[in-house]
Amino acid sequence: MAQESGTSRVKRGMAEMLKGGVIMDVVNVEQAKIAEDAGAVAVMALERVPADIRAQGGVARMSDPDMIAAIQAAVSIPVMAKARIGHFVEAQVLQSLGVDFIDESEVLTPTDYANHINKWNFTIPFVCGATNLGEALRRINEGAAMIRSKGEAGTGDVSNAMTHMRQIGGEIRRLTSMREDELYVAAKEMQAPFDLVKEVAANGKLPVVLFTAGGIATPADAALMMQMGADGVFIGSGIFKSGDPKRRAEACVKATTAFTDAKVIADASRGLGEAMVGINVADLPAPHRLSERGW
Amino acid sequence: MQVGVLALQGDFREHLNALAQCGVQGVEIRTPAELDKIDALIIPGGESTTIVSLAKTFDVFEQIKKRIADGMPTYGSCAGMIMLADHIVAAKDGQETFGGIDITVRRNAFGRQVDSFESDISAPAISKSPIHAIFIRAPWVEKVGKSVEVLASYEGSDGASHPVAVRQGHLLATAFHPEITDDFSVHRYFLEKVCS
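For the protein sequence lines, the chains are A and B, in the order given. Here the UniProt record's numbering is used: the first residue of the first sequence is 1, the next is one more, and so on. Here the UniProt record's numbering is used: the first residue of the second sequence is 1, the next is one more, and so on.
Please keep in mind that the hints were generated in silico from the structure rather than gathered at the bench. Every residue, glycine too, gets a C-beta built ideally from N, C-alpha and C. Treat the hints with caution; some may be incorrect.
Claimed, not checked - PhoX-like mimics (lysine-lysine), calculated; alpha carbons at most 25 Å apart, straight line:
| no. | chain 1 | residue 1 | chain 2 | residue 2 |
| --- | --- | --- | --- | --- |
| 1 | A | Lys-33 | B | Lys-56 |
| 2 | B | Lys-193 | B | Lys-128 |
| 3 | B | Lys-37 | B | Lys-65 |
| 4 | B | Lys-56 | A | Lys-246 |
| 5 | A | Lys-263 | B | Lys-37 |
| 6 | B | Lys-56 | A | Lys-263 |
| 7 | B | Lys-92 | A | Lys-246 |
| 8 | A | Lys-33 | B | Lys-92 |
| 9 | A | Lys-263 | A | Lys-246 |
| 10 | B | Lys-92 | B | Lys-65 |
As the list claims (entries may be wrong) - Some chain A residues near chain B, calculated using beta-carbon distances under 10 Å:
| no. | residue |
| --- | --- |
| 11 | Met-14 |
| 12 | Gly-21 |
| 13 | Val-22 |
| 14 | Ser-96 |
| 15 | Gly-98 |
| 16 | Asp-100 |
Said to hold, decoys possible - Residues on chain B that point at chain A, a partial pick, calculated with CB under 8 Å:
| no. | residue |
| --- | --- |
| 17 | Gly-10 |
| 18 | Glu-14 |
| 19 | Gly-46 |
| 20 | Thr-49 |
| 21 | Thr-57 |
| 22 | Ala-91 |
| 23 | Lys-92 |
| 24 | Glu-96 |
| 25 | Arg-112 |
| 26 | Gln-113 |
| 27 | Val-114 |
| 28 | Asp-115 |
| 29 | Phe-117 |
| 30 | Glu-118 |
| 31 | Asp-120 |
| 32 | Ile-136 |
Just need the whole structure built from these sequences, with the hints factored in.
Here you go:
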């Protein structure tokens, strides 16, 4: 075949290369360099980490292109950026800036309360959040090349990440035990395309890479998500809202690689200073739960 | 012969699967003890800066470097090619490699993800039919030493042709990712020609 860009294989392949890694939220060049030095596989360039978006309120939008460009110039690892759910022009802008991955993210204020971005229209890959298998398959059907379980961003409370990983994993395991004629109803009930449901039932996994996000704050949190079957983790506020970001970043990278080795995780957890203070998800009033955004 | 795949970060499972398709049971390598047991190594695709950092954290960096210098057959794809290069450009400040192949590799030479692509390429020494190659933020080889054999080249955005598959004795490197395709001819070439 002749040369082709933006194919499914090229987009999903990019996600494959990030596996086993930590993707860190950064708000400036200095943080991006700390993340790269600590061994991050990519950085997410944004103006405010989720904990600050939560604290300050207001409408959260795509970042300033100058800020994204400065981070692209400062590091050699992939740079991701967030667009609002359904805001396809923000996504067009991010693609024109040459970001390596777009996160159509519930952390920003949604633009469209019915539709997500048609991600097949883009050359660069997208990652989207999901709380259950149906939501993950709807995003893949729209062209997402990577899924991340949502968790509850900006809290430092890993309980929702756990719930979502259990939910997605449990639903996948149930599909693999069904007869083919039962998959039609399963597809109807989870509001997902039948072909994708059938593919998941046959392979016992999503057709794209699955990362975890939302509330990861310690090396043990990262390893927990890896043991739950995540291919890698996103850490948002957990690093740069902690007492010693450099050490915590290195420790989370180490624990994500050696996620089954409790001795390594113990070593990585020593003397990290203060973790981000955090908020219990149960104390958040419903309108402030970001994981409920996305349809 | 025991073949290991460096499993610190990246698509090491896809390389293990490619080995399995060639009838070889590979093993994941993360520790010095695991490294001692293998006769050949594959360095997967991933982020080269992350792989260097983790190789140092887990105390395998110097040992891998020495094993490669002592003649252990090794294959690297994409980030693995960068790790096997004696010299790299467009690198992170002070970025180190295992080295072994007398080449200069330019990181992300084909561009950012928006420029990533797939294409058929010709590599007659590896396979008579074209190889389906996937290039992801891929490097290319900018300079080759005398003892390096160029197995395939591809045209970059600068209009010039650049080596994308090279061999120097017991070492093999590709800028592309055969492990995420169904064509395992590069792995077969590594097992049958480079390792023997």
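Against the structure, the hints:
{"no.": "1", "hint": "A/Lys-33 to B/Lys-56", "verdict": "holds (18 Å)"}
{"no.": "2", "hint": "B/Lys-193 to B/Lys-128", "verdict": "holds (15 Å)"}
{"no.": "3", "hint": "B/Lys-37 to B/Lys-65", "verdict": "holds (16 Å)"}
{"no.": "4", "hint": "B/Lys-56 to A/Lys-246", "verdict": "holds (17 Å)"}
{"no.": "5", "hint": "A/Lys-263 to B/Lys-37", "verdict": "holds (22 Å)"}
{"no.": "6", "hint": "B/Lys-56 to A/Lys-263", "verdict": "holds (17 Å)"}
{"no.": "7", "hint": "B/Lys-92 to A/Lys-246", "verdict": "holds (17 Å)"}
{"no.": "8", "hint": "A/Lys-33 to B/Lys-92", "verdict": "holds (10 Å)"}
{"no.": "9", "hint": "A/Lys-263 to A/Lys-246", "verdict": "holds (21 Å)"}
{"no.": "10", "hint": "B/Lys-92 to B/Lys-65", "verdict": "holds (19 Å)"}
{"no.": "11", "hint": "Met-14", "verdict": "holds (5 Å)"}
{"no.": "12", "hint": "Gly-21", "verdict": "holds (5 Å)"}
{"no.": "13", "hint": "Val-22", "verdict": "holds (9 Å)"}
{"no.": "14", "hint": "Ser-96", "verdict": "holds (9 Å)"}
{"no.": "15", "hint": "Gly-98", "verdict": "holds (5 Å)"}
{"no.": "16", "hint": "Asp-100", "verdict": "holds (4 Å)"}
{"no.": "17", "hint": "Gly-10", "verdict": "holds (6 Å)"}
{"no.": "18", "hint": "Glu-14", "verdict": "holds (7 Å)"}
{"no.": "19", "hint": "Gly-46", "verdict": "holds (5 Å)"}
{"no.": "20", "hint": "Thr-49", "verdict": "holds (6 Å)"}
{"no.": "21", "hint": "Thr-57", "verdict": "holds (6 Å)"}
{"no.": "22", "hint": "Ala-91", "verdict": "holds (7 Å)"}
{"no.": "23", "hint": "Lys-92", "verdict": "holds (5 Å)"}
{"no.": "24", "hint": "Glu-96", "verdict": "violated (13 Å)"}
{"no.": "25", "hint": "Arg-112", "verdict": "holds (5 Å)"}
{"no.": "26", "hint": "Gln-113", "verdict": "holds (4 Å)"}
{"no.": "27", "hint": "Val-114", "verdict": "holds (5 Å)"}
{"no.": "28", "hint": "Asp-115", "verdict": "holds (7 Å)"}
{"no.": "29", "hint": "Phe-117", "verdict": "holds (5 Å)"}
{"no.": "30", "hint": "Glu-118", "verdict": "holds (6 Å)"}
{"no.": "31", "hint": "Asp-120", "verdict": "holds (5 Å)"}
{"no.": "32", "hint": "Ile-136", "verdict": "holds (5 Å)"}
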